[in-house]
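*Asks:* For reference, the chains in residue letters:
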Amino acid sequence: MKLVIAVVEDKDSHRLVDALSDQNFKTTKLSTTGGFLKEGNTTLMIGCEDENVDDALEIIKKNSSQREQMVAPISPMGGSADSYIPQPINIEVGGATVFVVPVESFFQF
Amino acid sequence: MKLVIAVVEDKDSHRLVDALSDQNFKTTKLSTTGGFLKEGNTTLMIGCEDENVDDALEIIKKNSSQREQMVAPISPMGGSADSYIPQPINIEVGGATVFVVPVESFFQF
Amino acid sequence: MKLVIAVVEDKDSHRLVDALSDQNFKTTKLSTTGGFLKEGNTTLMIGCEDENVDDALEIIKKNSSQREQMVAPISPMGGSADSYIPQPINIEVGGATVFVVPVESFFQF
Ligand code: NI
Ligand code: NI
Ligand code: NI
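Here the protein sequences come in this chain order: X, G and P.
17 is the number of the first residue of the first sequence in this note's numbering; add one for each residue after it.
17 is the number of the first residue of the second sequence in this note's numbering; add one for each residue after it.
17 is the number of the first residue of the third sequence in this note's numbering; add one for each residue after it.
Read the hints as simulated data drawn from the structure, not as lab findings.
Just so you know, not all the hints are guaranteed correct.
Where chains are identical, the list cannot tell them apart; a pair therefore holds if satisfied intra-copy or between any two copies.
Said to hold, decoys possible - In silico lysine-lysine, DSBU-like type, Cα no more than 35 Å apart, as pairs: (1) K42 with K78; (2) K78 with K45; (3) K77 with K42; (4) K27 with K42; (5) K45 with K27; (6) K27 with K77.
Work out the full structure: start from the sequences and follow the hints.
*Replies:* Set out below in structure tokens:
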């Protein structure tokens, strides 16, 4: 058995937990970091059999990888509104840090 | 040495930490989940020698197992108070998810 | 590879994360405990190669060990301000609990 510890962005966590649950992975949502990250993080612990680790990793990768997202920029303060044409910009969102740790035993009481 | 990672309900955590402490287990209370669980969870990390793991598990089981609890139901809104006889109902409370992980070394600085 | 799990005081965590980062350790800041500790705790997870574990431990020890700190006591309520001479006192601050756990695989998506 393995313990998969995945740290993902808050905004990806609900979708990821749902996707894991759809494939019968039991997920324990550990915690959210405090304010020091602009985007809060969520830590998921997923206990899974050795033969299912690759499937779990695939689901994590699919639902929380770092990716680019187009956003509309805020229009500049005090600029001339007439001449300003907002261009969508790309920002990086998401990303997952994943540790796979051996588990000697697992219990649910 | 082993690291016992136990996720329990908030309401069980104080009693469990006390019971572990009474048996000289050092417990690190990690974190409480945010709002998405109605009952918040607490994660405990207990570093213990191999020969003490079973004792720690027994204490966790005794103090945080899933169990039924009788609660008085809320009386129905707008119902006839005269004819309403509240029946206590059973709800499930508690429960622990426990991972036992090998530890290569442990330090207190 | 190893996963170094360090539980330190909030007040030490920023300096410690900076010191680890200066030596190219990637740190995941997990969570802060709720109110039950007067001084909140922060849990750091540091994934590092086997040969770098000792360096990581040294940085943790240097930046978050338990130590004494001189503080000015609060002047006693209702005491005679004229005759009261505050003496600095020593309190214990800091401290780190560290588990080194084997990691089978590590991913960043
Ligand atoms: Ni959902
Ligand atoms: Ni108590
Ligand atoms: Ni800094």
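*Asks:* Next, verify each hint and record whether it holds.
*Replies:* The hints, checked one at a time:
Taking CA atoms no more than 35 Å apart as the test, K42 paired with K78 passes in both settings, with 18 Å inside one copy and 23 Å between copies. In this assembly of identical chains, K78 and K45 lie within 35 Å of each other by CA distance both inside one copy and across copies; the values are 18 Å within and 23 Å between. In this assembly of identical chains, K77 and K42 lie within 35 Å of each other by CA distance both inside one copy and across copies; the values are 17 Å within and 19 Å between. For the identical chains of this complex, K27 and K42 are neighbours both inside a copy (19 Å) and across copies (22 Å), given an alpha-carbon limit of 35 Å.
Taking CA atoms no more than 35 Å apart as the test, K45 paired with K27 passes in both settings, with 13 Å inside one copy and 17 Å between copies. For a Cα distance limit of 35 Å, the shortest separation of K27 from K77 qualifies both inside one copy, at 14 Å, and across copies, at 34 Å.
Figure legend: structure checked against the earlier numbered hints; every hint is met.
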